[in-house]
Every structure is written in C-alpha cells, then in structure tokens.
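Hints given; two lone chains; assemble the complex.
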Amino acid sequence: MIESLNDSYVDKFNGKLEVLPVFRGETTWQVKLEVLHDVMAALKADGFNYLVDVSSVDNFGEEPRFDMVYELCNYSSTENLRVKCTVSEDDCNVPTVSDLWSTAEWHEREVYDMMGIQFTNHPDLRRILMWDGYPFFPLRKDFPLEGKETDMPDIAFTRPAPLEGGPFVTSPASAASHAAEPRAKDFEDRG
Amino acid sequence: MATEIKQFEYHDAEAKSAEAQDMVGEKLTLSLGPSHPSTHGVLRVVLELDGEIITRADPDIGYLHRGDEKLAENMNWTQFIPYTDRLDYLAPLANNVAYVCAVEKLMELEVPERAEVIRVICCEMARISAHLLGLGAYTMDCGAMTVFLYTFEEREKLYNLIELLTGARFTTSHTRIGGMARDLPDGFIEGLDEFCTQFLPRVDEVDKLLTRNPIFINRTKDVGTISGEDAIDYGLTGPNLRGSGVDFDLRKKRPYLKYDQYDFDVPLGSVGDSYDRYLVRMEEMRQSVRIIRQAIKRLPDGPVMVDDPKNVLPRKDEVLTKMEELIQHFMVATQGAKVPPGEVYFSAENPKGELGFYINSHGGGVPHRLKIRAPSFCNLSILPKILPGHTVSDVVAILGSLDFVMGECDR
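Same order as they appear, the protein sequences are chains A and B. For the first sequence, position 181 (counting from the first letter as 1) is numbered 181 according to the working numbering, and the numbering increases by one without interruption. For the second sequence, position 285 (counting from the first letter as 1) is numbered 476 according to the working numbering, and the numbering increases by one without interruption.
Only chain B is shown next, with the shape it has when bound in the complex (with noise of 0.2 Å):
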C-alpha cells in the first residue's frame, strides 16, 4: 500500500526557507568517538557534516598507544609472546602462532608436525571467535540484536575449549619458540569435534535471520563500497580485501604451517560494499570449521616441541630429575632463544588481515627492532576515502563492517 504523504501550508513558509538557505554552507564538526560504543574501541573520527552528509573524515588514532614495538626491543624473544596477545585481542592464539612463526623463519626451526596441526587448530579457532564477535557486534549495530545473543553464544562455547587448552581465556600466550607451550588437554579434541557440530547449524540459523532481512539489507548494501584497486591502493587484507573481489590469502598464496595439504575455499564479494563483507565473513567461519575438521583427521602423534636444548625449554619432568636439564632451563628461561643476526619478514592470514612482522635482529638476545604490520592500522586508513557521501548512521555500519581492533592498530 502506497504512503499518502500529506503537504502541510506553512503561513510564513518564505520565511523558513529564508532561513533554511542561510544555514547552507555551514558545516558542523562532529567527534565521533573515542568512547562511543560504534568505534568498538578508542576509534576518534572527526566528521564534517552538511546536514548529516558528512563532506570530509579524519581518524584519529593512538589512544590505545602502549609502545609494543619500544617494549619489544628491551626483552627477550620469548618474553614477548604475552604482549602479541594484546595486539589484536579478540584473536589472541593466531598473533601468538604469527609471532612465534616470524622468529623461528630467522632461526630456521623446524616445528615438529604435531605442533604445527594444533597451531593451524588455533588460528581457526581464534578465526571463528573473532568473526563471531566482529558479526556480533557489526549487526548490533546495524539494530539487530538478536544476532549478537547467538553468536556470543558460540562465542563462549570456543572461549570454554581455549579457557581448556591454554588455562585462559583472553591472554593465552599458548605458543613458544619451536613449538606449543603443551600437549592438548584429555577431552580437548572430543570437545572441538562437538563444537563443530553444532556450530555449522548455529551459522545457518544466523544467516537465515541476517542474509535476506531486508533492514540489514538496506543498512549495508551498497554502504562503504571499496573497489578492488582502493583495496590494494589502500593496503587492505583479510576480509575486508577480499570482499571487494580480490583474490588473495595468505594461506593460500603463500602458504605456511602446511596450509596447502588442507582442503578449503576462499570467499570473494563482488560490490565491495558492507554486505560483501558480512558474507565474506560469514564463509569464512565455515570453512574455517571444514580446516578444524580436516586438522583433527590429521593430528599425529609426538612431541609437540623441537628438540634444541640450546633454544627452547625441556621437558618439566626431565628438569626436576636431571641436572643439565636443570642448566639448560635456566639458560633459556633468563637468557631466552639464541636468534642469529639478520632480518626477516614473515605475515600470517589473521582474522583481521595480515598480521607481519619484520625482525631486525643483531644476534644478543634481545630484537634490534621488531615492527608489527598490524591489519587494522591499513584497514582504517581508508576511512577518508570511503566516508564523504555518506550519512552519519552509514558510518556505524561501515565501521562494523571493517571489524578492526584498535589494540592492534595503536600496538
């Protein structure tokens, strides 16, 4: 049924458009942020507006600003394992995983086979967690709460299983250099298979509420459309890249941890736009689940770290009853890895993106400078580009929809 929509006479209506006309041409700065609950986070972007037409968008950074990369070079290569998980803290196993990755290319370290299958297990776990709160939050946004109860849900059933396998929940410096901190825990792998299971069900019930709803349709389609080239001229990765149709993942372009032995798809969105990018998330959590599976297959037997006494820890049992055990413990836990000078770079496919990190080391214990590539930071440096246009409102969906971690972006 059409809306009838009623003209109303205004007696001095020559007047009101007077004034209306006078207001033209002055524009409002807006603050959007740092505490205002879109920003997720301590996002500052401050808006000009004409009317609610924003006309120009600076972000500004850096209230999250602790000094990683300073910090980084006044410790030891194991000792910084803890700060990666307070990089990107919604996916705090896969930072650990690309970390510890980038210092063993420098030593050359082989990681026993096991090791590496519990790894890819935890960067598809972090994977799956991340997005679940990213959807979560972006569709919140978007006014549709629901959608949040469900997927926290999951949300908490994956935090129970990591809480399992690394005795936290958040911070779970779960990785060392040349391999995993433990074994995984009696009942862990039962308890991931069963997760999976009932997972795959959970995303089509979350997809049926989302996919076709036509709120969530009008907030996001065709809102914050990047192009392929703005893309790669802007330095975007992850899902945010490939929503706008490139086709590029690391672990499938450059792969690492063995990812070309598993079987699994790559999302690509056509427009480039918010809804591209919800879809292309929403895959990926699938796929992931398909990665999880095929690893559990695979998982075989051994030792879960390298065999280096001069590098990495020994065994707690053997440290407690033998006495160069014992010398060697403590030679590593105060000295920490011997890393040969050089310098290397090495990015891992994050939730968010590529996570990298060029090490420059001089040898003697400590980085000589260790930068992080931190997704989020390139993520958000398009804002300027793709803001003007559009409306204030459009702006809390198009910053759900990059799904960015200022943790990770002020480092």
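Next comes chain A alone, as it looks inside the complex (with noise of 0.2 Å):
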C-alpha cells in the first residue's frame, strides 16, 4: 500500500517530500518542515492513525542539526512508515502533530526535555522526565556523559558523575584499538 502512496505524495508535495531507498524493508520520507504538519495531517487521513513513536537524532556538528522521526502504523494494513524532518539549530521550532494524534503530546514534551527542540501550538510543553527549571538538554551531543552541575544544591544529586572515562564505557571502534580498549584508559586524568 505505501508503494502507491509514494507516488501521490510526491506529486502532491511537489520538490518537498522525497522518498529514501528502502532499507531493510522499511519506507522512509524526507520532508520539509514546512508541510511537514500538511502531510502528517494527509497520512492521517489516509488511514495512518497510529503514531507509534516520536524521537529526534542529535547530527552535533553538521547543519541542520536536528532530525524529528515520527513512526507512523497503520492499524487495517499494519505497515509502518517513517517520517523524517530536518530542523535547524537557530530556528528550533516544529510544528505540533499534538492535534492529530493526542500520544503525540508526551512525546514531544520529551523531545523538549531531551533535545531542546520547540514545538509550535502545543498545547503544555513542559518538561517530563527532567524536573522544571532544568537547564541543559541532556540528550544532545554536546552535553557531557556525567553531566553537569546545577542549581539545586539540596534538592538533587548535581555533581558530575565520573562515569565518562570509567571502566565500562567504550569509545568508538574508529579510535585505536588501544585508546578504544577500556582497561586502556588512563584513570588518572579523569578529575
């Protein structure tokens, strides 16, 4: 069934909706934000009333900064789709799927907590699984594994946690093996 969407889509959403080769059977479209609202709002429509999951990757270092993944089911043909949107870091603001989907709300409450990114016309964008008043996003790229001090001396645990650099966190396999190997790290530097 997606394979005749994609078609229509196109068409329809001229130069802003592109479809990405399918990859490990999985369909992916590349939106634009700016309709990005108009074609969740068509899919909707077309019988995708299910949003499974809303998640949002950190590029650090690579402009636009941001992807929103919204995972969209279909419950009569149970196909999935993805839909993916770039966003930049001086404009962080997507629109809202909050008033298609009501799961969608806590979702992107927690895409606000973690990743910083606005969501325009929402209804309660609060943070959820940080406490209010929270400074940082800690799930973006920049912000350190053990975390960072806050102000809030006597009501939570805010010391950085030396848990960057700790026996059991690995780097990437791209680094040399030596640096890569756990036991290799030197403990003494960690601070």
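If you are wondering where the hints come from, they were derived from the structure by calculation, not from laboratory data. Be careful, since some hints might not be right.
What the hints assert, rightly or not - Calculated pairs, DMTMM-like style, for lysine to aspartate or glutamate (alpha carbon to alpha carbon, straight line, at most 20 Å): (1) K444/B <-> E79/A; (2) K44/A <-> E79/A; (3) K148/A <-> E264/B.
Now the structure itself:
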C-alpha cells in the first residue's frame, strides 16, 4: 500500500517530499519542515491512525543539526512508515502533531526535554522526565555523559558523576585499538 | 432485605447546609505518590479534587529517569543488553529479546532456529510472570489479598525456572546479538512442562476467586473506560489496547520469531473498562501456556548462536584451545558487533505492549541514537483523559488495571 502512496505524495508535495531508498524493508520519507504538518494530516486521513513513536536525532557538527523522526502505523494494513524532517539549531521550531494524535503530546514533551526542540501550538510544553527549571538538554551530543552541575544543591545530586572515561564506557571502534580498549584508559586525568 | 435508612434531625441543619454551600467551588489538590503503594513504583499523579471527585489529573513522571538512551550512545551494542533488563524489570527476558532482534534486523543476521524457539519460550515465560505480578498487585489494590498470594506462588516457580535457565532471577541478560548466551540446561524442558501442567488449574482458581466476585466487579466494572478510538489516539498498546476491543497484536499482525507458525488466540475486551483489561490478561496467560507447549514440541536440535566470527563470541571451549578463536573472542569482547550504518525500527509485543527500538547507526561500534519506545510511557499518557469524573478510590483500580512499570516509562 505504501508503494501506491509514494507517487501520489511526491506529486502532491512537489519537491518538498522525497522517498528515501527502502532499507531493511522500511520506507522512509524525508519531508521539508514547512509541509510537515500537512503531510502528517494527509497521512492520518489516509489510514495511518497510530503514531507509534516520535524521536529526535542530534547530528552535532552538521547543519541542519537535528532530525525529527516520526514512526507511523496503519492499523488496517499493519504497515509502518517513517517520516523524517531536518530542523536547524537557529530555528528550533517544529509544528506540533498533537492536534492529530493525542499521544504526540507526551512524545513531544520528551523531545523538548531531552533535545531542546520547541513545538509550536503545543498545548502544554513542559519538561517531562527532568524537573521544571532544569537548564540543560541532556541528549544533545555536546552534553557530557557524566552530567553538568546545576543549581539545586539541596534537592538533587547534581555533581558530575565520574562516568565518562570509566572502566565500562566504550569509545567508538574508529579510535585506535589501544585507545578504544576500556582498560587502557588513563584514570588519573578523570578529574 | 432492604436497608432501612434513618433520618437524623439536626437542630442547626440550616447553618450546616450554609457551611457546606460555602465549600462548593473550593478545590483540593492531592499529590498521589511518588511513594504510594498503588502507584507501583515512583509515579506521582497530582489530582485536583472537588469533594472526592477528580476534576483534573496531571501525571508527573521521571523519578526513575536514568538516561538509558544517553548511556546507550556511549557503549558498544552488546554492552547495552544488561540495561534492557532494567526497562520493564518485570519481564527482562522479553526486553532482551526485543533489543537483540532490533540490532539483528540492522545487521541482517538470521539466528538459528533453535535460538528462535528458545526466544519464544523466554518471551512467553516473561509474559506469564509479568501478568501474574500485574494481576496480583491490581487485585490486591482492589482489596483481594488472597489472589496476590496465589499469583506470587506461581511467579516464584517461574522465577526458579528462569534462574535455572539464565543463572539470575531478575537481571537475566540472556540473549546475545546472534543468538542466546547458552543452551537450555538439563531438566529445564521437563520443569517447564510440569509448570505448564499445574499452572492452568491455578489460573482457573484465580478465575473463580475474581471473575464473578461481586466486590471485584463493583470496583472495576465501568471504571476507567477507554474507547477503542481513544486507545488508538493515545497510542495505547498491549492488553490495554486489546481490552478496548482493538484487535492488534504484533505477534499476529507483524510476526517476528516465526510467531505466525504458532497457534494461539488474541483475547479482546468489549467495553474497555478495568474489568475487561483484567479478563484480557487472564486469557493471555492461558494462551502463553499454549505457545510454550507448541514451542517445546517443535524445539529443534542445533546451535543457539549464529556462526559469524566477526560479530559473535566463539564457543568457550574453542576459545580456550584455539588461537584464532581467542583473537576473535578478544575483538568481539572489546569492540562489540560490527553493526553497519543505517536506521531501523523494530518492535515486539511485550507484556505491557509494543516495546520498540529505533536505532540510528553511523557505524563505528556504538549507536548514534537509540530511542526506546516504551509502552508504559504511552499507556500512562491517557491518565489525564480517563481519571476526571472518578473518585479517588477508583484511581487505585485504574492504575492497577493499566499495569505499568516506571523503569520502562522513565528509562
């Protein structure tokens, strides 16, 4: 069924919707931000009644920096479709889809909480996992694994934990093998 | 016999009613949790009450947030398996299976058939034990203490089997990318078969205690009703979705681990209230026993790990005797599996609902992004919609019937 949708949507959103090559049997659409809400509304009308998941990816060092990833499911044909959209750091505003699927309300709160992406017209954009007033966005790549100190000394443990560089934390295998091997790490300058 | 209601006469009834009139409109804010026995973990619900009627509910989650998704970006693929134990900590085996299946989908690994069947057994054992705890706690919250003792005795037997299988009762970490950590131990199949035989009469006993019990029915019938449309709109999955009558089970609709070759039924509710969710879970346990029996029958001989020296640990006896295997062992243990760049989404039907992993890999031995789609997170998001209009005592029944786990919700 998705194959039949591909062409009609590419025609309808001329130049603003691109069908990426099928990977591991999954279809992904790359959509421009200005038509994101229209595409999602049209998809909902076409039977994608279940919004499975909303996630975000931080491609730190690239421009545009963020990816929004929506995973949709059609309950009658049981097919999944992924819709992706790039978001730049300077204009971190994504139209909400919580008016189409109520489940998006919490998913988007989590994306805002973890990644710092704002959602326009969201009914209740508060932090959800971290506490109100927490100043950082912990899933961004420039946030260190060990954490950062915050100003809530009596309420929560906010000192950085010596996790990064610890014995069980691995570096990417692209690093030289003597550096990637966890036991080779120098624990003296952990700080 | 009809109860006789006596009318008492107050001397200053007028003054009392005037006082009561003044109270109307003043609302009380009650914070339920984060440490309250009925919130099963560390959920906090801020309730706005008018008398005993809830007018607004605002769930406050995140007390168990450990940053699993951040941690995943800083370790290799194999190292994350123990972290999946701590998502839905009532069904760690099922989480292990869902995670490695997601990674294997990205790597295009085909696991041996024996490993697949063992995984099915693991998933269904996890489902039974999670439902046993869910039902026991739910009914205890509704005042039926005995059921809790029955279900916990059965769960204990199941945990003994899991201990035999994996060496641990809770933190199993039993799957590996490419198969299972080890083969079935001696006596496991016999023990499992014996468990199945004596388990079904026990389910019937629980059924007799609850299904036609007027107290339990009064507490749960027409309480927390969720329509099918609302359930889909809020992304509910698992028994909570099927309790609302939506026929969607990933094992049937998008079969993984060859679930399409097993014969089982998917129970559905008709009303969508707390009582329906109880009925669905009861029947799912019986169906899981059916699946386990079929899995035992079809269990083939053969290896439980795929033969792929670049990605999976070689056999221990070979590591200790052969040079080549020793080097492979070192490379796999320190650098993990070689996972190609790309992105996949894989979801499995866990006891609580659809547990999904969205994996974005740039290669290089660690995930670039690993998003966990937690069923309890979505199941709880419907609370602000269904709680208003109920009394405070109904909250306990509704929370019990939704059967959530905060470890998975907060990640």
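Given the proposed pairing of K444/B with E79/A, does the C-alpha separation stay at or below 20 Å? holds, 9 Å
Restraint check for K44/A with E79/A, where alpha carbons must lie at most 20 Å apart: holds, 13 Å
Is the hinted pair K148/A and E264/B satisfied, with a Cα-Cα distance of at most 20 Å? holds, 17 Å
Consistency with the previously given hints is maintained throughout, with no hint failing.
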